[in-house]
Amino acid sequence: MKVSVIRNVLEANDRLAGELREMMAARGILSLNLMSSPGAGKTSLLERTLRDLAPEFKMAVIEGDLQTDNDARRVAATGAQAVQINTEGGCHLNGSMILEALKQLDIEGLDILFIENVGNLVCPAEFDLGEDAKVTLLSVTEGDDKPEKYPLMFNLSSVSLLNKVDLLPYVDFDMERAEGFMRALNKDITVFGVSCRTGEGLDPWYDWLRARRAAKKR
Amino acid sequence: MHEMSIAQSILDIVQQEMEKNGLTRLIRVKVKFGRLTNTVPEALDTGFMALTAQTPLESAVFELEEIPARYRCFKCAAEFTPEGTNRLLVPCTACGEEFGHAVLSGKELYIDFIEAE
Ligand SMILES: [Zn+2]
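In the order they appear, the protein sequences are chains H and V.
All residue numbers for the first sequence refer to full-length UniProt numbering, where the first residue is 1 and numbers rise by one.
All residue numbers for the second sequence refer to full-length UniProt numbering, where the first residue is 1 and numbers rise by one.
Next comes chain V alone, as it looks inside the complex (with noise of 0.2 Å):
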């Protein structure tokens, strides 16, 4: 359960851009992470929301959004996002090849935008 420190890290940058933006009430917050990253989203929300009850920024929008995993092809160079699995090893859908697949996408995490007064 690491999502507890992701939250805090999340709610330390928030109210780092909203002072720096002098913006006072946070409407919304988007999260991307990838598929890869191991993150439970129901887990990161419930964290967000512990940290921020009570405080000025409860009654925010935690809207988070997943990345897809995207790989490249350790045999024919082919990329390509493997369906309905988060899992590493998968067979190129060009060359059926499984084995060490570079990954070019999916293991983000970062904050997208904040909307906020």
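Same shape as in the complex, but just chain H (with noise of 0.2 Å):
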């Protein structure tokens, strides 16, 4: 016997991100999924945005990682709310490992809730996670040619931040070049030069949180 099935593969994961998203919605508060390759410095921008908008937002943060929770303590060390989920090699997060972190967190009351996803360009871009937003870091220490290599990350992504913009002098990165292949993939892209290290170019990151933060809110 043949039966049509005509099933989204990823429908239990979509129907969790869905609940997500709801959940969300009713609080008003902003959800954004930071993606990268390992090193690019998710973790950097977090302790950064962290500290610098503190007296703005309460901001808490979902730290993916492969084993670890080094960066789960960075981010506390801010004062924000931190919880890990350890994948145990798992490539990405999805819709039911954030359902059973928020359960760790409070978030009544909460402005802006980032989900670090495990550093991989490829698979964390397969998966809905409820969010508002995609956000992609690229350091300039990696190559130019990383969105036309990982297209899908880029093409789905609303902001993509070039990182470790002070090393620019020392590196063969062409600002441009990767600016021009993530327009390409998605013409509707946010592109920002940043430095976390410097803190050059965060000011623009700021006032796209805050703007987004802002449409957001009931």
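You can trust all of the hints, since none of them are fake.
Just a few of them, taken from the derived set where beta-carbon distance is under 7 Å, the chain V residues facing chain H: (1) Ile6; (2) Ile10; (3) Glu17; (4) Asn21; (5) Leu36; (6) Asn38; (7) Glu98; (8) Phe99; (9) Ile111; (10) Ile114; (11) Glu115.
The hints are simulated quantities; they were obtained by calculation from the structure and are not laboratory data.
Computed from a prediction, not measured in an experiment: that's the story for all the values here.
Idealized CB from N, CA, C, for every residue including glycine.
Reassemble the complex: the two chains are provided individually, in unrelated frames, and hints are given to aid placement.
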């Protein structure tokens, strides 16, 4: 007997993502899914952002990590709420992991939830976490052809941060080329050049957060 | 390697469909995946085999079919399928524009049908 199925393989995840989206919408929380390759600086960006915007917003972080809780401890040191998900080798976060992690957070009155995905430019892009926007980090110590090599992630991202711009004089990274690839993949993408070390270029990113948060607020 | 979680999701749906239709022996499952989903067919195949080994589903044929990418040009609105590449950055076949094409297909990932008794 042949049974026509026509069911999306990721429907279970998408259903959970829908639940998450409703939870966040009901509370007016802006939820962001941060993705990058390992070492691009997601945790540094979070440390900086959490400290600099602490007077304005109540923020929390869900940290996805393969094994350790180092990143969660760095984030918690800023005073923000942080909860760690160990994927034990898993290459991405999924909706049920986020729902589990949220049970450990006090989300009432929260303004912004950051989800730091596992460092990997391929798999995380496939899984909806109910976020308002995907944010990609690319550091200038990586190749400027990364967006071309990993198109889906940049195609789906609302924002891409080019990190470590203070190192530009020492590396062979063409900002225009990288940005050109990103725009070709996604003409609506917003690109910021930043340095989480020096703080250069972070203000436009903060303004973007403020605008998106204001738009989300009930 | 997200193929393992995809294989698990496929298996979950297959089992639901079999139960719903009162079927116990799986003969074939057909999955269609878009070219842009980053799916590595060999990895997915291996994942499905690993999950069904020594279960009643073990002998089933796992069939994968790729759906090509199809774009609509940002500039002239021509629709085209890039040949021999899964790149999103390809010149429009009508006007040559490389930027900002809309993706019409290539992101699908679904179970088409199962054959079972
Ligand atoms: Zn065209």
